[in-house]
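What follows is each chain in one-letter form.
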Amino acid sequence: MVNELSKQNIYFIFFRTAAFLSVGVLLFILLYVFKEGVGVINLKFLVGMWSQGDITRGGIFPAIIGTIFLAIGVSVISIPLGVSTAVYLSEYAKENLFTRTIKLAIRNLAGVPSIVYGIFGLAFFVLLLNLGGSLIAASLTLGCMTLPWIITASEEALKSVPYSFREGSYALGATKWQTVKRNVLPNSFSGILTGSILGISRAVGETSPIILVGATFFMGYLPSSPFDKFMALPYHLFILATQHSSPYAREYALGTALVLIVLVFIFNSGVFVLRYKLRKKKEW
Amino acid sequence: MNEKMNEKMNEKMNEKMNEKMNEKMNEKMNEEDIKIEFKCINFWYNSKQILADVNLKIFSNKITALIGPSGCGKSTLLRCINRMNDLISISKIRGKIVYNQKNIYEEDTDVIGLRKKIGMVFQKPNPFPMSIFENVAYGLRIHNIKDENKIKQIVKESLEKADLWEEVKDRLNVSAFRLSGGQQQRLCIARALAVNPDVLLLDEPCSALDPLATTKIECLLKRLKDERTIVIVTHNMHQARRISDYTCYLLNGRIIEYSDTAEMFDNPKNKLTKDYINGEFG
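Chains as they are written, first to last, in my numbering: chain A, 54 to 337; chain B, -7 to 274.
Derived by calculation from the structure, the hints in this document are not laboratory data. Don't be surprised by glycine CBs; every beta carbon is placed ideally from N, CA and C. Worth double-checking, as some hints may not be accurate.
Pairs of lysine-lysine residues, derived as DSBU-like cross-links and limited to a Cα-Cα distance of at most 30 Å, are as follows [stated by the list, open to error]:
#, chain 1, residue 1, chain 2, residue 2
1, B, 161, A, 330
2, B, 54, B, 88
3, B, 40, A, 156
Residues on chain A that point at chain B, a partial pick, calculated with CB under 10 Å [said to hold, decoys possible]:
#, residue
4, 147
5, 148
6, 151
7, 154
8, 213
9, 222
10, 223
11, 225
12, 226
13, 228
14, 236
15, 244
16, 247
17, 260
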């Protein structure tokens, strides 16, 4: 017989070990990338154009810019569309078999591997719509991939607004749109923002879909229109790590990884600060 | 077996009651102005019938209390009046509710306008997560009142009417969640009053409050009835007796007895009412 107290202790130790283990692994990865990659980071690496022959003579500026453009493109495409869809599904659509099926389908789409979106983007945006391998094709492809994540996260955020707020608003003679605009959206905004940004961060870290729809390893200039090809950090990192012959390739790959991590980190902390400010205003 | 027989007996009693409805309403009731009239309202959630053949007259500038055990349909009945039940897609209603000489369940009814005229306060205080001022101003803003001075004026008046102004006048910009439960409920009443409703529906407004807060709200309601008609659902029979002019006893979705409050409590005509009032129910 194990008594309840020691059972309690065993579980406590189990949970604590699990927590330390998972945080430890993440920390180790971060430290490793930092230690190995920080050596190549300097101003030339960050703002220099890529030099294909002798990689030490250039930098990854086009890849950084490409990734930032991609993040903007994906946000512009998928956040408005995703949030609007979530508002429709959670506030307007009648609860019936059809909407339930749609919701289930969206949740399933969230789990479809990214390469599948890549091949879809290649067939539909690049070839059928004739956009070619381009920033816009990649944004649309990644946008499609992010949509289900954003819809699901926004729907959850909308659902977390207590029904009594809506009821109180309707009882005063508010229309549905007034209720959504004045009550539901402001109170779910921080959740929607978090979900959206997590989705975007994950999307810009994707490699496989963008290979198919316009990312290129070597470009001597910056993309100047949405129809240009582009360089991107994850793909750059992939080529450096697996296919480049330069003896410095490994170090440069880790440097690129570090830049990507920092970029995503800056992006997320910006949102974190914004969310904190919003949350200070709300109490319930 | 027994249950079925009981049910049958109830049904028969109700049939008789409906027939005698007019007869049973005492003289006094015939002289009152009718504000809202239920005409044979039947209501279902899915296939479950919640209200059956409800005929009810609600009188102007009076407080009408709806009493009855949990699940008897009194909240549903209340929510029929401002069509809040519309929000539940699985519900179905048959019959008429006449308000201002018009059946509010006509297809061309302006539900938004109706809810503006018929305000509602809920069981659990539900202030919005915004400042005290904005809570009261909410209804004004959605009804397109833009003049900030006018809004300020109405917010002040509404808070005064709801007996809350003195307590909050120095902190109108503080979140409504800082208020106590009783204050929150009075804020919700002020919020409803701000759009100047003709009828005020209250769904067990005091069930989450302590006795002192309850007394405050009861006094407030008594004062408010000079200007508007009040319908209140309550679990608390003492409360019904203290504040209402008329009381309606509901059981299993049917009206068992409806009469002058004093008469209902002193001299109930129906045995079922008597049992309930004397606490011998169930």
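Tested hints:
| no. | hint | result |
| --- | --- | --- |
| 1 | 161(B) / 330(A) | holds (27 Å) |
| 2 | 54(B) / 88(B) | holds (21 Å) |
| 3 | 40(B) / 156(A) | holds (28 Å) |
| 4 | 147 | holds (6 Å) |
| 5 | 148 | holds (6 Å) |
| 6 | 151 | violated (13 Å) |
| 7 | 154 | violated (17 Å) |
| 8 | 213 | violated (12 Å) |
| 9 | 222 | holds (7 Å) |
| 10 | 223 | holds (7 Å) |
| 11 | 225 | holds (4 Å) |
| 12 | 226 | holds (4 Å) |
| 13 | 228 | holds (6 Å) |
| 14 | 236 | holds (6 Å) |
| 15 | 244 | violated (14 Å) |
| 16 | 247 | violated (18 Å) |
| 17 | 260 | violated (42 Å) |
The structure fails hints 6, 7, 8, 15, 16, 17 (numbered hints given earlier, in ascending order).
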